[in-house]
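S.K.: Residues per chain are reported as follows:
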Amino acid sequence: QSVLTQPPSVSAAPGQKVIITCSGSGSNIGTNSVSWYQQLPGTAPKVVIYDNNKRPSGIPDRFSGFKSGTSATLGITGLQTGDEADYYCGTRDSSLSGVVFGGGTKLTVL
Amino acid sequence: EVFLVQSSAEVKKPGESLEISCQGSGYRFPTSWIGWVRQRPGKGLEWMGMIFPADSETRYSPSFQGQVTISADKSITTTYLQWSSLEASDTAIYYCARSGFSGYGMDVWGQGTTVTVSS
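Protein sequences appear in the order of chains V and S. Quick note: the first sequence, position 40, residue 40 per this note's numbering, numbers continuous. Quick note: the second sequence, position 3, residue 3 per this note's numbering, numbers continuous.
No false leads were slipped in.
Label-pair ranges, simulated between beta-carbon atoms:
1. S:Q82 to V:T108: 37 to 47 Å
2. S:D55 to V:P56: 22 to 32 Å
3. V:S23 to S:D107: 17 to 27 Å
4. S:D73 to V:G42: 24 to 34 Å
5. S:S119 to V:G82: 35 to 45 Å
6. S:Q111 to V:S95: 27 to 37 Å
7. V:K17 to S:G15: 49 to 59 Å
8. S:P14 to V:S68: 43 to 53 Å
9. V:E84 to S:A9: 18 to 28 Å
10. V:G30 to S:Y27: 25 to 35 Å
11. S:T116 to V:S68: 36 to 46 Å
12. V:P41 to S:T91: 13 to 23 Å
13. S:D107 to V:G42: 14 to 24 Å
Derived from the structure by calculation, the hints contain no laboratory data. From a predicted model like this one, the values you see are computed outputs, not experimental measurements. We treat Cβ as the ideally placed atom computed from N, Cα and C, and that holds for glycine.
Throw the hints in and build the complete structure from the sequences for me.
M.R.: And the structure:
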């Protein structure tokens, strides 16, 4: 059971938009910045959003992040088949003095 | 450019010990937290713990406290993850990652080390 809660799977058609949710508590999302990671099959995770809503260099603006209270969301617009991956949210947990992840969401682009 | 390069895949028997490594380059190694993440076959990411190489301050997830040891050698910009007695349930891919963003966000990841424990 992960500390952060994500839906196991989401799906949408190419060109459409999808939103992935991540729910936590006051000791993690409520007081710390959230990052989102994309893991393509057979590869290491890669950060796509950090500090709740910032994109690293090289990440297209089709990816966006938002945080409110103890929840965060990752939005992906203009879906492409290359976006099919597992997506994880992660943040610091102040009560654990460490990192917590969500269980991951598998994105399928139909 | 910043890199984290991990040691090669390992195949071990239950009860054996193991140490895998993660070497950083392209940045000031001592002053960034390096974490270790487990991913069992077909499962999600699990944070195991992290180390601050400058003073070797170490933090562990309660799930991994006492099960593994994380250490670092600043002189060769390398962090280590060690087991004293492996179990079959330790079979997984292990990633190291640098926490370069706030909230311990991980900006650089190693390529992963596959550990297989089987009799």
